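Protein chains: 2
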Amino acid sequence: MKKFLNQAENFIPEMLEGIYLAHPDKFRCVNEDLHCLATARPVPGKVGIVTGGGSGHLPLFLGYVGQGMLDGCAIGDVFQSPSPEQILAVTQAVDSGAGVLYLYGNYNGDIFNFDMAAEMADMESDIRTATVVAADDSAGAVPDGTEATTRRGVAGIFFVYKCAGASAARMDDLETVQRIAQKAGDRVRTLGVALSPCIVPRIGKPGFHIGDNEMEIGMGIHGESGIRRGPQLSAEQIAEEMMSWLLADSPCQQGDEVAVLINGLGATPLEELYLMYRHVHQILAESQMRVFRVWIGEFATAMEMIGMSISLMPVDEELKTLLNAGADTPMFRQFPA
Amino acid sequence: MKKFLNQAENFIPEMLEGIYLAHPDKFRCVNEDLHCLATARPVPGKVGIVTGGGSGHLPLFLGYVGQGMLDGCAIGDVFQSPSPEQILAVTQAVDSGAGVLYLYGNYNGDIFNFDMAAEMADMESDIRTATVVAADDSAGAVPDGTEATTRRGVAGIFFVYKCAGASAARMDDLETVQRIAQKAGDRVRTLGVALSPCIVPRIGKPGFHIGDNEMEIGMGIHGESGIRRGPQLSAEQIAEEMMSWLLADSPCQQGDEVAVLINGLGATPLEELYLMYRHVHQILAESQMRVFRVWIGEFATAMEMIGMSISLMPVDEELKTLLNAGADTPMFRQFPA
Numbered sequence: 001m002k003k004f005l006n007q008a009e010n011f012i013p014e015m016l017e018g019i020y021l022a023h024p025d026k027f028r029c030v031n032e033d034l035h036c037l038a039t040a041r042p043v044p045g046k047v048g049i050v051t052g053g054g055s056g057h058l059p060l061f062l063g064y065v066g067q068g069m070l071d072g073c074a075i076g077d078v079f080q081s082p083s084p085e086q087i088l089a090v091t092q093a094v095d096s097g098a099g100v101l102y103l104y105g106n107y108n109g110d111i112f113n114f115d116m117a118a119e120m121a122d123m124e125s126d127i128r129t130a131t132v133v134a135a136d137d138s139a140g141a142v143p144d145g146t147e148a149t150t151r152r153g154v155a156g157i158f159f160v161y162k163c164a165g166a167s168a169a170r171m172d173d174l175e176t177v178q179r180i181a182q183k184a185g186d187r188v189r190t191l192g193v194a195l196s197p198c199i200v201p202r203i204g205k206p207g208f209h210i211g212d213n214e215m216e217i218g219m220g221i222h223g224e225s226g227i228r229r230g231p232q233l234s235a236e237q238i239a240e241e242m243m244s245w246l247l248a249d250s251p252c253q254q255g256d257e258v259a260v261l262i263n264g265l266g267a268t269p270l271e272e273l274y275l276m277y278r279h280v281h282q283i284l285a286e287s288q289m290r291v292f293r294v295w296i297g298e299f300a301t302a303m304e305m306i307g308m309s310i311s312l313m314p315v316d317e318e319l320k321t322l323l324n325a326g327a328d329t330p331m332f333r334q335f336p337a
Numbered sequence: 001m002k003k004f005l006n007q008a009e010n011f012i013p014e015m016l017e018g019i020y021l022a023h024p025d026k027f028r029c030v031n032e033d034l035h036c037l038a039t040a041r042p043v044p045g046k047v048g049i050v051t052g053g054g055s056g057h058l059p060l061f062l063g064y065v066g067q068g069m070l071d072g073c074a075i076g077d078v079f080q081s082p083s084p085e086q087i088l089a090v091t092q093a094v095d096s097g098a099g100v101l102y103l104y105g106n107y108n109g110d111i112f113n114f115d116m117a118a119e120m121a122d123m124e125s126d127i128r129t130a131t132v133v134a135a136d137d138s139a140g141a142v143p144d145g146t147e148a149t150t151r152r153g154v155a156g157i158f159f160v161y162k163c164a165g166a167s168a169a170r171m172d173d174l175e176t177v178q179r180i181a182q183k184a185g186d187r188v189r190t191l192g193v194a195l196s197p198c199i200v201p202r203i204g205k206p207g208f209h210i211g212d213n214e215m216e217i218g219m220g221i222h223g224e225s226g227i228r229r230g231p232q233l234s235a236e237q238i239a240e241e242m243m244s245w246l247l248a249d250s251p252c253q254q255g256d257e258v259a260v261l262i263n264g265l266g267a268t269p270l271e272e273l274y275l276m277y278r279h280v281h282q283i284l285a286e287s288q289m290r291v292f293r294v295w296i297g298e299f300a301t302a303m304e305m306i307g308m309s310i311s312l313m314p315v316d317e318e319l320k321t322l323l324n325a326g327a328d329t330p331m332f333r334q335f336p337a
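Residue numbers (our numbering), protein chains in the order written: chain X, 1 to 337; chain G, 1 to 337.
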């Protein structure tokens with residue numbers, strides 16, 4: 001295993017110790033549980049935004065806790081959901097009376113645990129919560145047109161975080177922050193492609209195999225099956241196939257302005273992400289869509305997976321303002337535009 | 001080859017087209033040569049800082065062109081130096097009368113071409129240049145104590161960019177910017193470790209081999225030989241060995257405050273970099289050194305190499321102020337502290 005690792009079972013606790021040591025002025029640990037993380041600088045009266053999910057996807061999820069984005073994160077082991085008690089602890093830590101929005105990806109374990117935490121927060125602490133589940137993976141709706149409930153939450157949640165976070169930061173109320181998160185979530189679509197698997201440290205070997213000259217379009221960020229597996233194509237062919245699925249599934253239309261996210265899944269160099277963006281930009285132009293703004297880098301990874309994803313979100317003035325707002329978190333910083 | 005690629009010979013031009021398409025408000029292309037890149041927002045009267053070098057190391061080098069950092073970059077093909085003519089074109093584009101600092105890594109090809117460009121800038125355009133060469137790789141001085149002239153320039157150049165960039169941004173003169181760059185360059189030391197090779201697209205296969213259970217401490221960012229190859233150790237053992245080389249070679253002393261850079265070489269997940277930082281932090285504490293601030297992520301890569309590097313720089317008030325200044329470039333953003 002080509003990993004920097006001690007005992008596999010200590011991977012996440014040791015990683016988290018590194019996180020708190022590196023960012024003592026940004027993060028605080030709640031209830032002495034490393035897995036319960038909150039911003040070090042709570043804003044009185046602000047709607048809190050709490051996320052959570054399995055580890056192995058940095059910067060997702062905890063890396064977006066900070067100014068202009070999220071307020072807390074419940075952290076599971078690699079690809080494992082955090083517990084309802086951990087989510088509740090984070091909820092109690094970030095609530096300042098304005099209520100808390102739960103914003104996370106569409107996985108059954110997370111839904112179950114966040115729903116249970118919401119009940120506990122209401123009953124035990126009288127904290128009002130609302131929930132938006134990000135379900136942006138176009139592979140969930142393809143090829144049989146099944147409903148959004150089957151879509152996984154993947155990299156596109158970054159846009160939902162950004163819009164909801166900027167809304168909360170300007171002191172919008174819980175209903176507004178929830179509406180905006182839902183609006184961004186309804187609009188964003190993502191499709192990934194993997195050229196290799198990744199290795200969960202406790203397992204010690206790839207959970208599945210992709211051949212030397214193979215790729216899989218639509219693979220999820222835990223290695224879930226995608227739309228199509230086949231011989232590895234050129235960057236241009238991959239971009240064309242991905243964009244054709246994406247544009248068919250996305251609410252983007254001719255004439256739209258579109259926010260674009262080009263996300264590396266772990267081992268893919270930034271050079272290749274920019275090369276892919278060149279194709280994406282051209283295809284959008286040919287489809288009579290204009291790029292409002294593009295973010296390129298690693299936003300939601302699958303550890304050392306070789307691969308990338310493309311997210312598209314048609315934007316209006318409200319979303320543009322929120323996307324352009326400043327943010328300052330340990331793993332994402334942006335000056336106000 | 002598990003790369004997003006069309007024709008290998010078009011890798012860098014297509015990547016660069018993506019760069020300009022993604023950041024039209026940040027970068028401009030000089031003389032219609034994609035390899036000659038300058039900031040879109042020149043600051044009149046400011047000392048210009050020009051860098052350059054081979055491609056394959058993003059965010060290094062071009063990703064640091066922007067507010068508070070650099071003004072221009074001459075871009076070579078993968079692991080190839082840019083030409084003197086390209087460096088000259090960038091120099092002419094960024095000069096605003098206050099002179100230009102050349103700041104790049106210690107490789108013979110780059111030194112030769114930048115020196116030639118400096119002569120041409122003086123003779124053809126009457127532009128005053130100064131030069132600081134970053135030579136931070138402790139592997140260059142180990143184990144036989146050879147002189148700094150043999151050290152390669154690696155990830156530590158980020159600290160030199162940051163300090164020199166902040167100096168130029170506050171309108172220091174050329175002598176001052178050069179002095180500060182030299183001071184940072186004299187203090188910073190870096191050591192890397194590789195668990196895998198990387199693949200130059202035109203070559204299509206790894207330039208060398210590292211066994212399944214092997215690692216190489218001190219390997220350069222082009223795969224240059226390191227200090228020691230051996231069986232892959234645990235994260236803790238790797239950190240201890242690296243820190244022992246680094247602290248022996250670095251000017252860091254007991255009682256110092258130290259700036260730390262934990263850099264991923266390409267395919268290593270952020271989780272593992274934080275896990276490694278935990279060890280680095282503990283070793284520095286045991287050595288009676290205090291972490292002033294740490295930067296963790298990908299700052300200087302070798303495409304898809306699995307590995308990481310640690311950079312240390314003892315800091316005084318002058319360097320701390322410069323490191324804490326804001327910066328806003330396409331691949332590095334930091335709010336003023």
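Everything labelled a hint here was simulated from the structure, so no lab data went into it. All figures in this text were calculated on a predicted structure; none of them were measured in a lab. Ideal Cβ placement from N, Cα and C applies to all residues, glycine included. Keep in mind that a hint or two might mislead.
To be verified - If we take Cβ atoms under 8 Å as the criterion, some of the chain G residues that face chain X in the derived model are:
1. Phe4
2. Phe11
3. Leu21
4. Met116
5. Gly230
6. Ala267
7. Glu271
8. Glu272
9. Tyr274
10. Thr301
11. Asn324
Hold the hint about Thr301/G up to the distance rule: shortest CB distance to chain X must be less than 8 Å. Hint on Thr301/G: holds, closest Cβ of chain X at ~6 Å, below 8 Å.
Checking hints one by one. Is Tyr274/G an interface residue toward chain X, by the C-beta closer than 8 Å rule? Constraint on Tyr274/G satisfied, holds at 3 Å.
Let me know if the C-beta of Met116/G comes in closer than 8 Å to any C-beta of chain X, holds or violated. The hint is violated - Met116/G has no Cβ within 8 Å of chain X, the shortest such distance being about 27 Å.
May I ask you to test the interface hint for Glu271/G with respect to chain X, counting a Cβ-Cβ separation under 8 Å as satisfied? holds, 5 Å
Let me know if the C-beta of Glu272/G comes in closer than 8 Å to any C-beta of chain X, holds or violated. holds, 4 Å
Proposed interface contact between Phe4/G and chain X, which counts if any beta carbon pair is under 8 Å: Interface hint status for Phe4/G: holds (4 Å vs cutoff 8 Å).
Would the stated hint for Leu21/G survive a check requiring a Cβ distance to chain X of less than 8 Å? holds, 5 Å
With a cut-off of 8 Å on the beta carbons, see whether Asn324/G makes it to chain X. At about 12 Å, which exceeds the 8 Å cut-off, the nearest Cβ of chain X leaves the hint on Asn324/G violated.
Please check whether Gly230/G passes as an interface residue: C-beta within 8 Å of a C-beta belonging to chain X. Violated - the Cβ of Gly230/G stays beyond 8 Å from chain X, reaching only about 15 Å at its closest.
Holds or violated: Phe11/G as interface residue toward chain X, Cβ cutoff 8 Å? holds, 7 Å
Just to be careful: measuring from the Cβ of Ala267/G to every Cβ in chain X, is the smallest value less than 8 Å? holds, 4 Å
Figure legend: structure checked against the earlier numbered hints; hints not met, in rising order: 4, 5, 11.
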